[in-house]
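S.K.: For reference, the chains in residue letters:
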Amino acid sequence: MKKFWLSRWTKVLLFLLCLLPLADLLRHGFEQDMTANPIEFITHYTGNWTLRLLLITLAITPLRALLHQPQLVRFRRMLGLFAFFYGLLHLTTWIWLDKEFDVAAMWDDVVKRRFITVGMLGLLLMVPLAVTSTAGWVRRLGFKRWQWLHRLIYVSAAAGVVHYYWLVKSDIRLPLMYGAILTVLLLYRLGAWMKDRIKAKRRSRPVPSGVSVAS
Amino acid sequence: MPHKEDRKGPVWLISTTWRRNTTIRWRRYHVSRAMSIHKTSSLRYSDVTPRREYINRRLFLAAGSAVLGALASPFAAGAETKLSGYTKSPFSTDEKPTPYSAVTSYNNYYEFGTGKDEPAKNAKNYRTSPWMLSIGGEVTKPKMLDLDAIMKVAPLEERIYRHRCVEGWSFVIPWIGFPLNALLKQVEPTSKAKYVAFQSYYDPKQMLSSRAAQIQFPYIEGLRLDEAMHPLTLISVGLYGQTLPPQNGAPLRLTVPWKYGYKSIKSLVKIRLVEKQPPTTWNLAWSQAYGFYSNVNPQVDHPTHSQATEERLGSGIFGQHIKTRMFNGYDQVASLYSGMNLRKYY
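Keeping their order, the protein sequence lines are chains A and B. The number in our numbering is simply the position in the first sequence, starting from 1, with 1182 added. The number in our numbering is simply the position in the second sequence, starting from 1, with 22 added.
Looking at chain A on its own, in the form it has when it is part of the complex:
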């Protein structure tokens, strides 16, 4: 199993898998199967995949531990970058097709509509993560600092869920589902962190006197 994960081809395979949503979107376009409102269709499609890929990226850490496959971390960067890629497609759709490059209208939306403000924030916070995703940047920043910076993905994912929750008219089932998954993924991290702390404390506690330590 370990050998499989470490194979060069798994990354190629994942790359192709991550392109599937885009291919499917293009197929919908060619077959003119994008509902009567194609702009809305493209917007929702790219937005949904941004959120899904963010959650898949965040699932890597728990999966490494639960499946005892630490090698899975090899795929995290690519997944995160694809989340950013679909996020950029989402933004491009909005700027080009929805707002038709009307800067004043876009600025108005960013300032006035809280769901756009928070969505824009989520996407903006992904920019430094995409830029510093290379091994070179890990070295330059130092692993600890790099790790702290990349925890911004928690904020981006939460912003994405809130963005979705605020924009739906009444049926909140889907945004709540994404929110629930994100909560589980973040609670796992909180649990792991607390466990580590307790362990660290126990280790640092001196051995109580009076207890004979068997040799």
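Honestly, the hints are just simulated from the structure, not real lab data. Since the structure is predicted, the reported quantities are computational estimates derived from the model, not experimental observations. Just so it is clear, CB atoms sit at the ideal spot from N, CA and C, and this is done for glycine as well. Just so you know, not all the hints are guaranteed correct.
Stated by the list, open to error - Covered by chain A, according to a simulated footprint, are these stretches of chain B (three or more residues, beta-carbon under 8 Å): (1) 125-136; (2) 234-242; (3) 340-351.
With chain A's structure known, arrange chain B on it following the hints.
M.R.: Frame of chain A, contents of chain B only:
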């Protein structure tokens, strides 16, 4: 190497046990429930008959032979049928109508699902015949009308109207119907009648629950009496020369072209003339976004978007946006609101 203690109690093991137990409990509950039905004799007619059918039977008894007439009417077939004998109206726009496929596949009809494509799929077997419309309240001659009677209220006209959704998109639809005022005049509103309240058909057995849709059902709407009496206000029974498809509000619906689409209530079963402003579904759900009047107004934003422009659907993805016009371009209704602050009464 992972820690040894990590292997002892993986979280997902607990959850499978829990899931198995709940499944067993769930099965037990349903088996015992099914058996108790066999044992007891308190089985009611409504327990074994779909609600829609026994209601239909009740209507059948109530309407008597009129229903037999309805069975022979264009609505009996279930699928859309051709309407004839309608005239072209001078109220029609000369804008290009949105393709039939778009108008009938992209719908907001939350009773059949909150996705735009869901109503067309989920309302397929929705039976709209027989049908009864009741008109009452502050009137001297309350009425119960079946579909045949409804079709004879006034001569049918084709009216090509702009249809502006509050979500920011629009259609151009060739409706077929008659002015609502023709119907209202027949029931003779009393001097107390100031508003008109409308109610949609609702059957939780074949429709989505209020809980899932997060809006109240049955769907209710309302107009001021002068708005309801305005010649533009239409009772639609068809579009594109045919009877209404279920997803567009079969067998009859309201069409108020200068207001956002949700005011044009679908599948009408009840009209009441009332003294006070009636509650309306979307206003109850989110009053800051959906006012009672809901006139198309490019100057009053929706909380989530500007209403200054709209996307005219049906022909592509580039350059689809046009400027939204006050009252959706139906300037002849402006006098209904003279002196009113339309920012306050949105």
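S.K.: Now tell me if each hint is right for this structure.
M.R.: Structure-based check of all given hints:
1. 125-136: holds (count 5)
2. 234-242: holds (count 4)
3. 340-351: holds (count 4)
Of the hints listed earlier, there is not a single one the structure fails to meet.
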